[in-house]
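Sequences and hints are given; from them, build the entire structure.
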Amino acid sequence: SQQGEEDPQALSIQEGENATMNCSYKTSINNLQWYRQNSGRGLVHLILIRSNEREKHSGRLRVTLDTSKKSSSLLITASRAADTASYFCATNAGGTSYGKLTFGQGTILTVHP
Amino acid sequence: DTGVSQDPRHKITKRGQNVTFRCDPISEHNRLYWYRQTLGQGPEFLTYFQNEAQLEKSRLLSDRFSAERPKGSFSTLEIQRTEQGDSAMYLCASDLTMGDKYEQYFGPGTRLTVT
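If you read the sequences in order, they're chains A and B. Going by our numbering, the residue at position 71 of the first sequence is 71; the numbering climbs one at a time, nothing skipped. In our numbering, each residue carries its 1-based index in the second sequence increased by 1000.
What the hints contain is simulated information worked out from the structure, not anything from laboratory work. Quick caveat: nothing in here was measured; it's all calculated off a predicted structure. Honestly, I wouldn't trust all of these hints.
[Said to hold, decoys possible] Simulated crosslink set (DSS-like; lysine-lysine; CA at most 27 Å straight-line): (1) B:K1057 to A:K70; (2) B:K1011 to A:K26; (3) B:K1014 to B:K1057; (4) A:K69 to A:K26; (5) A:K56 to A:K70; (6) B:K1011 to B:K1071.
What follows is the structure in structure tokens.
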């Protein structure tokens, strides 16, 4: 079953604008990851944030995590047409779940040139 | 790095037939995962191997589904007596148990269509 919801389901922006996607989850986590999926490259790992971290940066990506609200956000700054893809958050519960990931439903991002 | 490969990339089968998919993980990765993804949804976990041991199976994996990973290398996922509801993209992923590294590398998937 899906871990939670992603918001918005679809986002359309112009090149150069920032894109923010939100993810909510239901159970305790060890870490939360964001993946990108497009038809050309399949699912690709973008960034991981651990449960004891609140914010993480990687290039044009910024991820925040609020474990009290069981929510995360992904910010893509200065978007490019090549960022057009579906973005999924995925949670890992750790412990006996090992690396098993529970994905959200995804946000479809369209960046217009 | 040759990446995770899956074969076939597409499979069309008639309801009631058996199908088998293969996944070759990145060679040094000891963990291998199978997920299923339907249109408009995120991937859903099916099963997981560490080396040759199958350690967890989802409730989604009915007794028509079986997965193996002989010798801890490639893995196969077999679906017996396919149903139209089995139509989906079947994704394989692998990673390496090393400290707190959790990034999974996904293959391109096998798209199954049951007619």
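Hints, one by one, checked against the model:
Using a Cα cut-off of 27 Å, the hinted pair K1057 of chain B and K70 of chain A holds, with the two alpha carbons roughly 26 Å apart. Simply put, K1011 of chain B and K26 of chain A have alpha-carbon atoms about 35 Å apart, too far for the 27 Å limit, and the pair is violated. Taking the CA atoms of K1014 of chain B and K1057 of chain B, the gap is near 26 Å; set against the 27 Å cutoff, the hint holds. Proposed proximity of K69 of chain A and K26 of chain A is supported: the alpha carbons are some 10 Å apart, at most 27 Å.
Taken as a hint, the K56 of chain A and K70 of chain A pair is honoured in the structure, with Cα atoms around 16 Å apart against an allowance of 27 Å. Distance hint between K1011 of chain B and K1071 of chain B is fulfilled; the C-alpha atoms sit about 26 Å from each other, no more than 27 Å.
Figure legend: structure checked against the earlier numbered hints; the only hint not met is number 2.
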